[in-house]
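Visitor: Given next are the chains, with one letter for each unit.
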Amino acid sequence: MTSVVPEEGVPEEEDGLPVPPTPAYARRQNIVAALIPLAIGVITGIMSWSLGVGTLSNPGPGLWPLAVSVAMVVTAAVLVLRSGPTGEEETFTREALIVVVAAVSLVGYALLFERIGFEIPTVALLVLWLKGLGREGWRMTVIISLGTTAVLYLLFVTGLGVSLPHILPF
Amino acid sequence: MDFFSPVIAGFGVVFQPENLFYCLLGVTLGMLVGVLPGLGPAATIAILLPVTYNIEPTAAIIMLAGIFYGAQYGGTITSVLLRLPGEASSVVTAIDGHEMARQGRAGSALGIAAIGSFIGGTVAVIALTFVAPLVAGFALDFGPAEYTALALLGILLVSTLGTGSTTKSILMATVGLLLATIGQDPLAGTSRLTFGSDQLLDGIDFVIVAMGLFGVGEILYSLESLRGKSAPAPSVGSVYPSRQDLGESKGAITRGSLVGFILGILPGGGATMSSMVAYAVEKKAAKHPERFGKGAIQGVAGPETANNAAATSSFIPLLTLGIPANATMAIMFGALLLQGITPGPLLVQEKPDLFWGVVNSMYVGNILLLAMSLPLIGIFVKILRIRAAILAPLTILITMIGVYTVRMNVFDMFLMVGLGIVGYLMKKVGFEPGPLVLAFVLGSLLESSFRRSMRLFDGQLTGFFGQPIAATLLVAILLIIVVPPLSRSLRKQRRKVAA
Chain A
1 MTSVVPEEGV PEEEDGLPVP PTPAYARRQN IVAALIPLAI GVITGIMSWS
51 LGVGTLSNPG PGLWPLAVSV AMVVTAAVLV LRSGPTGEEE TFTREALIVV
101 VAAVSLVGYA LLFERIGFEI PTVALLVLWL KGLGREGWRM TVIISLGTTA
151 VLYLLFVTGL GVSLPHILPF
Chain B
1001 MDFFSPVIAG FGVVFQPENL FYCLLGVTLG MLVGVLPGLG PAATIAILLP
1051 VTYNIEPTAA IIMLAGIFYG AQYGGTITSV LLRLPGEASS VVTAIDGHEM
1101 ARQGRAGSAL GIAAIGSFIG GTVAVIALTF VAPLVAGFAL DFGPAEYTAL
1151 ALLGILLVST LGTGSTTKSI LMATVGLLLA TIGQDPLAGT SRLTFGSDQL
1201 LDGIDFVIVA MGLFGVGEIL YSLESLRGKS APAPSVGSVY PSRQDLGESK
1251 GAITRGSLVG FILGILPGGG ATMSSMVAYA VEKKAAKHPE RFGKGAIQGV
1301 AGPETANNAA ATSSFIPLLT LGIPANATMA IMFGALLLQG ITPGPLLVQE
1351 KPDLFWGVVN SMYVGNILLL AMSLPLIGIF VKILRIRAAI LAPLTILITM
1401 IGVYTVRMNV FDMFLMVGLG IVGYLMKKVG FEPGPLVLAF VLGSLLESSF
1451 RRSMRLFDGQ LTGFFGQPIA ATLLVAILLI IVVPPLSRSL RKQRRKVAA
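Chains as they are written, first to last, in our numbering: chain A, 1 to 170; chain B, 1001 to 1499.
Think of the hints as simulated: they come from the structure by calculation, not from any bench.
Hints should not be assumed to be uniformly reliable.
[What the hints assert, rightly or not] Covered stretches of chain A, as calculated for chain B (at least 3 residues, CB under 8 Å):
1. 74 to 88
2. 123 to 134
[Unchecked claim] Sample of chain A residues facing chain B (criterion: CB under 10 Å; computed from the structure):
3. Ile36
4. Ile98
5. Ile116
6. Trp138
7. Thr149
Quick reminder that beta carbons are idealized off the backbone N, C-alpha and C, glycines included.
Please work from the sequences and hints to get the whole structure.
Guide: In C-alpha cells form, the structure reads like this:
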C-alpha cells in the first residue's frame, strides 16, 4: 500500500514501498504498457470491420466498436510516442512473484470450486495465502482457515440458502 | 402538498424496522471493508455488491446507501489513524487529521469528521430533494443527441479531472467503451467480439468489471507489501468532541456543506475537488492559519463535511440524468441497475416511490452513520490492528464467493480474476481504473444514443449542432480538449519570454 502523504523526517522503509524505477526502465515499461492496448485495438478494429460497418445513416454492428478501436489505437500511439517517465510507474520487483502465485491460486480455486465443492479449495487457498504468502504461524493459519470456511458454510449454505457447491451434507 | 406527499410516504417505508436493520448492516459492512487500507469507497461498494443482490429491492437500496456512507467514513478512519487515505477525497483530511492523532486527539478528529459528514450529507440530501426533480424535469426533453453529448462529456470530465495523465485516462475510457461492446449488438443482435464464447454473449456484467478491477486488483496490489510491518494505529481517546472543538468547527462545517454541495453536482472529481477547496477555504478563513498542518480541527471538519456533501450531491446527475459523475457513482449506477432501477429523468415521474426511496435512504444512512461511528470507532480501530496478511485472504474469499453468487456461474470467477490481474498491472504502470469503469457503464447508452442520433440526422455528424443543448455540450467538450494543452503551451512560451 502506498502512503500518499509520506511522513516527514521518518526514513522510509525499503521493503513494502513501491520502488521508483530508473528513467530507462520507466520508458520501456511505458512503451510496453501502451503497445498492448495498441495491439488489442488493431485486432478489435479488424474484427469490427469484418462485422459490417454500414453507413453513418444506417450503422452496422461493427461501426461503433470500430470507432472505439480507432480511438484506442490513436491514444495508445500517442502514449507510445510520449513514453517519458511520469513518476507514476512502479518497478516489478521480486515481491511481484507473490502476486503471480496469488493470481494462479485464484484461477486454481475457480477451477476446483464447482468440481469438488467449495470447502477444500477454500481451506487450501487460506492456508496458502496465510502461511505461504503472509508467513503467519501454523496455529493462526489452521484456526483462521477452518474457522472462516465454517463461517462461510453457515452463512451461505445454511443461512442464506445460496446453493454453493459443497460436499458436506447438512 | 403534492410535492411532499411522495417524499413523506417514502419515509414511512425507510423507517420500517427491517429496512433500518439493513441500513445498519450496510453502514457496518461499509465501514468494516472501508477501513481495510487501500480499499476506497468504489472498491468497498464493488466488493459488497453481491451481498445486496439477494435482498428485495427497497431493502437493497437502503442497504446500499448505508454501505455508501460507511465506506466513505471507513476511508476517513484510515486517513486519520494511519495516514492512508482510501481515496483522493480524504487526502487532505490526512494532513491535519493524522497530526491530531499524533497529539493523542485521534478521537476528536474522527468524532468531528463523523459529525461534519452527517451535517454535510444531510444538508446535501435536503438540497437534492428540491433540486433533483427540477433537473429531471429539464432533462425530460433530452433526445439521443443530448445524451450522446452528455455521456461523452461525463467520460471526458472524469478523464481530465482525475489525478493521473489525461491521455492515459482517455485510453482507459476507450478500453471501457470497448469492453462494453462485447456481447450482442443492441439493435441487430449480432454477436460482437465474443471470440466465439457463449458465456460472453450477454456481455460482461458490470459487477464483474467493478469487482475485478477495484476489488481483486487492489488486493493483488496490496500483496506486494504484505510482509511489510503494518503501522501501529495510535490510541484514539474520547470520540465525543469537546464544546471547544465543536465551537471551532462550526464555521468549517457550514462552509464545507456549501462548498461540497455545489462542487459535488459537477461531473468529474466532485468530492476530491470539494475537499481540497474546503481545506483552502478554511485556511483562508482561519484566525490562526499557521495552525494548519499542525493539527487544526477545522482542517478535518471542513474537508470531511465537504466530501460527504459532495458525495451526496453527486447523486443528482446520476438520479436525474442517468450520468454517473465519478467512479463511485458508476458503481452505484451499476448497483441500482442490478435492482431493476434505471436512473434517469423518467425515474422521478414514473417510479416516484423508488426515486424517493433512494433519496430517503440517504437521510437514514447519514443518521445511522453518525449513530454507529461514534460508539463503534474503537472496534474499527481494532480491525486496523489485524495484519494485512490475514485481512487480504478473507477479503479475496468474500469477493470470489460473492461474484459466484450473482449468477451461480464459475466463468464469472475466471473473468473477475482476469480483470483483477489487469487492474493490478494497470496500477503498476500508472493507469487509473476510474475512467475505464465509468466508460464501461456509459458505453451502451453512448452507443445506442449515438446510433439513434445518426439515424435521426440522416448520417450527418453536423446534425448535433442543430440541437441547442447538444451543441452547447459539444462546445464544452471541445473546450475541455483544446484549452488545457493550449494554456500549457502559452505558459511555456511566457516562461521562455521571462527567461
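Visitor: Hint by hint, note whether the structure agrees.
Guide: Going through the hints against the structure:
Residues of the segment 74 to 88 of chain A lying with their CB closer than 8 Å to a CB of chain B number 7, which satisfies the three-residue condition for coverage. Coverage of the segment 123 to 134 of chain A by chain B holds [criterion: at least 3 residues with CB-CB distance below 8 Å; count 6]. A cut of 10 Å between beta carbons decides the hint on Ile36 (chain A): the least distance to chain B is about 9 Å, and the hint holds. A distance limit of 10 Å between C-beta atoms decides the matter here; for Ile98 (chain A) the minimum to chain B is near 5 Å, and the interface restraint holds.
Given hint, Ile116 (chain A) at the interface with chain B, is violated; its Cβ is 12 Å from that chain's nearest Cβ, farther than 10 Å. Using the Cβ-Cβ criterion of 10 Å, the hint placing Trp138 (chain A) at the interface with chain B is not satisfied: the shortest such distance is roughly 14 Å. About 9 Å separates the beta-carbon of Thr149 (chain A) from the nearest beta-carbon of chain B, less than 10 Å, and the hint is met.
Hint check: violations occur at hints 5 and 6; the rest are consistent with the structure.
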